[in-house]
Every structure is written in structure tokens, then in C-alpha cells.
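K.L.:
Residues per chain, in single letters:
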Amino acid sequence: NAGVTQTPKFRVLKTGQSMTLLCAQDMNHEYMYWYRQDPGMGLRLIHYSVGEGTTAKGEVPDGYNVSRLKKQNFLLGLESAAPSQTSVYFCASRRSRDGGYTFGSGTRLTVV
Amino acid sequence: KNEVEQSPQNLTAQEGEFITINCSYSVGISALHWLQQHPGGGIVSLFMLSSGKKKHGRLIATINIQEKHSSLHITASHPRDSAVYICAVKRVSVHSGAGSYQLTFGKGTKLSVIP
Chain A
314 NAGVTQTPKF RVLKTGQSMT LLCAQDMNHE YMYWYRQDPG MGLRLIHYSV GEGTTAKGEV
374 PDGYNVSRLK KQNFLLGLES AAPSQTSVYF CASRRSRDGG YTFGSGTRLT VV
Chain B
314 KNEVEQSPQN LTAQEGEFIT INCSYSVGIS ALHWLQQHPG GGIVSLFMLS SGKKKHGRLI
374 ATINIQEKHS SLHITASHPR DSAVYICAVK RVSVHSGAGS YQLTFGKGTK LSVIP
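Chain order of the listed sequences is A and B.
According to my numbering, the first sequence is numbered sequentially starting from 314.
According to my numbering, the second sequence is numbered sequentially starting from 314.
Because the hints were derived from the structure by calculation, they are not lab data.
Computed from a predicted structure; not experimentally measured.
There could be a bad hint or two in this list.
Listed below are the simulated DSSO-like cross-link pairs for lysine-lysine, each with C-alpha atoms no more than 27 Å apart in a straight line [claimed, not checked]: (1) B:368 with B:420; (2) B:367 with B:381; (3) A:370 with A:322; (4) A:370 with A:327; (5) A:370 with B:420; (6) A:322 with B:423; (7) A:322 with B:420; (8) B:381 with B:366; (9) B:381 with B:368.
Same shape as in the complex, but just chain A (with noise of 0.2 Å):
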């Protein structure tokens, strides 16, 4: 089926270790977000792509780096985990600036 897939779903990491968050898109979709949801607050962006080979920062993207090399990849990256980091992580796209967002089914990342 068409959509967003996020690798892997559950994830359990000790502090200082690093991983990769994969997301994964079928619908040529130009735009891609990463967001992270945490108890009592609402979505937060970490980092966003307007297209294949940019990358930009959301509202908090300390601690992750990211990278799209293909259209329709979008990976995120933490180098040195930190427990302030476990959270559930959400990927969507959209296919422009205007339309609507496919959401990924989310990563529980908890780091210990």
C-alpha cells in the first residue's frame, strides 16, 4: 500500500549510543517532516526537507541530524542518545507546500 513507512517501530538504546531513524515514501512527495511527540504536548517539529538533497531545522533539532539523498528517503539521525531523547517519532510528507500530510505509524524510541 502506498504511504509512509518508518524503521524500525520499537527501539530501545543506551545513552550515548547512536541510530538511525529510516522513513520511507511511495508518493512522490516533495516535502518531509520529522516531528516528536512526547506525554502532555503537542507535535514538535525537528527537522523538515522541501525536496530531495535539502534539509532544514524545525523547532527542535538539537541533538538529531538528517539527510535526504533520494526523493523519497528521509532519515534521522542521533549521534550520542540521550534520555531527554525517548520519545515517540513521527514521520510525514505532503506533496506540496499547500496539500494535505501522510503520517507515518510512528517510532517508541526509549533511551536508557
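Guided by the hints, dock chain B onto chain A, whose structure is given.
P.N.:
Then chain B, alone, in the frame of chain A:
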């Protein structure tokens, strides 16, 4: 004060009831989104609107730009409607920078529909 406020935070309804969830915002916007987050965690986009009213099945979304307020209505509610409903606004931006691409999200309204 949050730029996007939803009410109520939690709502319990009997099956068949008419449900209203409210969203108020304090900034100028170009569009407002309603999203549904299932108990399993997945998020689905329900509506995107900039004026008036939209309807899809038993769901109706309205927006009053002058009053900076939107409502999501569910008619003939069903237990499968149990979810968190999230309001998000796309702020008006005169620049083409980050703000023009960002959504600001409310904290969500948790709806439980009891059989």
C-alpha cells in the same frame, strides 16, 4: 499561553451521541488541520480547511477565521471513533523560511466512546 488550545482535553461519550471538539488559536493562519491518532499510535489526516465547512461521512469540520476557532463534530458516535483528535494550524508567513512550512499542534483531545 499555547498558540493552539483544544477543549476538552478528555471526553467520554455514549455510543450514538453527537460530539464536538473545539480548537482555538491565537495566530494568523492560512490553514487548519484536524488529525486523528488511533490508540495504536498511527496518525491520519482528517481535514484541511481554510474557510467554511467540510464533511466526510459522520465527521464535520468548521472554521471561523474571524473568531479564530474551529470545531470538529462527530455525528452518531461509535466506539471505533475512540482516538485522540489533534488540531494543527499552518501560520501565515510573509517569508519563505521555516515558519511557512511548519504546523503548530494542539495537545489533542482524547475521545472515548462507550457502547
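K.L.:
Run every hint past the structure and note whether it holds.
P.N.:
Results for each hint:
1. B:368 with B:420: holds (23 Å)
2. B:367 with B:381: holds (17 Å)
3. A:370 with A:322: Roughly 24 Å between the alpha carbons, so the hint for residue 370 of chain A and residue 322 of chain A holds.
4. A:370 with A:327: Holds. Residue 370 of chain A to residue 327 of chain A sits at ~25 Å (cutoff 27 Å).
5. A:370 with B:420: Satisfied, since the Cα-Cα distance of roughly 22 Å is no more than 27 Å.
6. A:322 with B:423: Roughly 23 Å separates the two Cα atoms, so the pair holds.
7. A:322 with B:420: Holds, because 23 Å separates the two Cα atoms, which is no more than 27 Å.
8. B:381 with B:366: Holds, at about 14 Å.
9. B:381 with B:368: Status holds; Cα separation ~20 Å.
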